[in-house]
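Participant: Here is what each chain is made of, one letter per residue.
Protein chains: 2
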Amino acid sequence: MKLALVQLNYHIGNYEENSNKIIAHIEEAKERGVDLVAFSELAVCGYPPLDLLTRQEFVEGAIAAIHDIAKHCQGIAAVVGGPSINPQARGKQLHNSAYFLADGVIKETIHKTLLPNYDVFDEYRYFQANQDFRVVNYKGKRIALTICEDLWDDQPTAAAFARNNLYTLSPMQKLAALKPDFMVNIAASPFSYHQENVRKQVVCKKAAEYRVPVAYVNQIGANTELIFDGGSMMVNSEGNITHRVPTFKEGVVDVETDSIDDVASDNLFETNPINLIHDGIVLGIRDYFRKSGLQKAVIGLSGGVDSAVTAALAVKALGAENVHGILLPSQYSSGHSVSDAEDLAANLGMGTHTVAIKDVYQSVENAMAPVFDGREADVTEENIQARIRGLLLMAYSNKFGHILLNTSNKSEAAVGYGTLYGDMNGGLSVLGDVYKTDVFKLARYLNKDGEMVPENTIVKPPSAELRPDQKDSDSLPDYDVLDKVLFRYIELNRSPQSIVEEGFDKEVVRKAVRLVNFNEYKRFQTAPILRVSGKAFGVGRRMPLVAKY
Amino acid sequence: MKLALVQLNYHIGNYEENSNKIIAHIEEAKERGVDLVAFSELAVCGYPPLDLLTRQEFVEGAIAAIHDIAKHCQGIAAVVGGPSINPQARGKQLHNSAYFLADGVIKETIHKTLLPNYDVFDEYRYFQANQDFRVVNYKGKRIALTICEDLWDDQPTAAAFARNNLYTLSPMQKLAALKPDFMVNIAASPFSYHQENVRKQVVCKKAAEYRVPVAYVNQIGANTELIFDGGSMMVNSEGNITHRVPTFKEGVVDVETDSIDDVASDNLFETNPINLIHDGIVLGIRDYFRKSGLQKAVIGLSGGVDSAVTAALAVKALGAENVHGILLPSQYSSGHSVSDAEDLAANLGMGTHTVAIKDVYQSVENAMAPVFDGREADVTEENIQARIRGLLLMAYSNKFGHILLNTSNKSEAAVGYGTLYGDMNGGLSVLGDVYKTDVFKLARYLNKDGEMVPENTIVKPPSAELRPDQKDSDSLPDYDVLDKVLFRYIELNRSPQSIVEEGFDKEVVRKAVRLVNFNEYKRFQTAPILRVSGKAFGVGRRMPLVAKY
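Chains as they are written, first to last, in the UniProt record's numbering: chain S, 1 to 549; chain U, 1 to 549.
Isolated chain S, as found in the complex:
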């Protein structure tokens, strides 16, 4: 049987665009003589649709689109993900389903069994779990259909314990017992810089364990915080990858299921986290703009590495003509701040304006002088500068319709080293899931084919430049140490005590943890952060704001 794995970028709720894409690929596959074409999980409505699934008109739209697509399945079959209605009066109203379309109609509707409800996932909020295991018979083949998590039935990770345990036997065991010729797993598995590796291992292991070839079809594209890298692949029953669709882009691969055990294994995939983060963020920016109907970005350029890397990534995603920089020097800005930012803009070919903030700052000082009544300068005055910059950037954004990109990194977001309504402004946080030490690595990576980020921006010591001669290291531990502590506390979810036991300085750990916990209130109001790690601030990490811990 000739099988096509189709890896596409879907737009949540955009039935017209999603259906048209799916139908076009069905028609093209027909011309190539494909028997069965597979699209990813909830392809028809996009993933994750969140509470749109509670709206009747949204679900009706999805099901109508499935029927439209089915009409094009003449002489070819398709597997398309979409919501379906649970006919039972009790339980959740919907299933997360794989529609098997053939002969112009919906032939079968197979539901997801394991509904992830941890980290960034909330599927148990919407869907009723499957309890009925069967294969689809088509053109003499027995085809098992599973959806994403159904394949992940025994991962020895902490997350695995947080999974569904409705059945003693896993869906894989239930389906393998039915002796399918092959399995199609349709997925919506979000990117993180180690996920591609983990995912590959799981698919290969499961195919070998159950002796069943697995066609794995994931989506690409970004939807708000979540980026999807694809990584669609065919794995034979020995657990070898025989075909792959390149990551981070739309693509198709055709597979002859009867001869895949003869195909040479192809295990090549990118594993360098920095390269992956780079590709993920570029896609994330591009899709945020495209899917929101936006074109142009504005960025405050400080001469520092965060805004430089943000600008370089934005230029790669949107084109230099769509990215504008604003330099906002104050009396505390060093001379190199302006020249480094100008060098950056020249390297990237982007336009800039320079607006000194000194006079606005003075007018604010004057206005508040009677209220402040001679009190000493403190962090208030630093925040005023950051907020004036935020205000001027938003004024540009409003006047010209450019969306402000936020330039805060994960280290800063973690410890609250940023001003709410100031440098924390922005429609999208580009680097909010990238630690400062990795921002430097990204800068080097961006420069691999010629300088984008000026060398001086990379080598000078980081500074917020909100008071004379300020350095980040005045108030924070060195990023080399801080980032390691933060990674253990946030990504690895280790207790402060166990981090100290690993050999980190007790006082540094205590301070870092205290700052992370205390600054939950700032992160509550932060822009959506493009998620590239296993634990980003945002939807996957839900901490109470008013709490003592």
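Just so you know, same-sequence chains aren't split out, so a pair can sit in one copy or run between any two.
Straight-line alpha carbon distances no greater than 27 Å define the calculated DSS-like cross-link-like pairs of lysine-lysine that follow:
no., residue 1, residue 2
1, K548, K71
2, K141, K200
3, K506, K471
4, K548, K21
To be clear, the hints were calculated from the coordinates, so they are not data collected in a lab.
For this one, chain S is given, so just place chain U on it according to the hints.
Facilitator: Coordinates of chain U only, in the frame set by chain S:
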């Protein structure tokens, strides 16, 4: 058997405070000759702890606190809610449990069966469901323990369909079959202005249906967005309320379980939504400050009804000495803006400062003039004013340690009639779940014992005063109509088409829905909103930002 229902206010993660409170109430109950004292769901750690439940040290702290509390249960028994560890290798790591403490130890640990995972609830993210039904035998009584949702097994609401359906029989049926003498239901059921009524009906109906007296113990207090009103009650097996603890405050009621069918029914409870919203918000503000270790609030006073009602509620919650107002008039402010705000401050006895924004505005205009290059004034200039106000308020907040209270109402939050990083600033949104028409009703209610909100503030037409002679009604439908449409779209989750079919103007519905959907990006970055309705913006409503719908 003498039973004490103890309704307390818990602080998430504050084991010392929570344990001390619980222990003090156990000791007092001993002195009153109580046999069994019942505390609410997850009392020991506070509700909702969210992802703190994924942290080892947090769970260990909770379990250590339970052991400490158990030591005080000599000659008395206690039911205390807390997390417990699921001993099975598979499934979620925790149970949501009712600990039965007696003879100085944990006698029984009974787990929650129905784990709500809809609206504001995410319990399936953390907890494994109970599968083992038994009663606790103590002093000759057979006591059934259930936890919150376990009682809500057949609500004919849309939400009910979104509930767990792991068992054909509900926990109520399973436990009723064991013929308990009475049931203790420990709950953490959040407030909304109709929830007290719904909750009472459910508890009474279930007690009568299963012919079992039910002691219902809920918590009070606010944790970030969620407010808890208590409403703890004893219901006899005929479904009549025999004892109640007053809502919105800590309290205890002792019940003699053997004679409750003789006690006169007491069904009195507050049903007026405005009175309930008032009480809920006052508690919400007070707890946000107290539990965050904060004392003082600052509010921008515009002379309008939103800031006036916010200030009045803040004064009730925190005391006039802890609430400071800042008047920030511009050239577009009417004369009455300042005088109405001054009248308000005089009524409330709160201090104020007045800071004209004209000069700062002019300095921003000057700074941006070369960039704007002669372009027409538009919404940019309105936003600049709002952001200057936000900046000055935050400067006061930073300098004096007062927390800025946000004054936006739900109608504005819905349609995006507010400036991000401007009037949307604030640590807590007081009225973000109160429609504009209800804000006026709250103003009248606040004035019932003497004027708090000036009459002119209530009767003048709403205006943002960001351009000459501006009125809200210039750009929005009348609030009388708009709020009804919004309520149907947001709270009732009705489709735009069905709202039109109810008789609302098609163009008004189309515009309102479009604005709600488009402004998801503003609400993404909004302050936490005190939830008082059945569907607030925030944790209970999760819409994709980058989507087409």
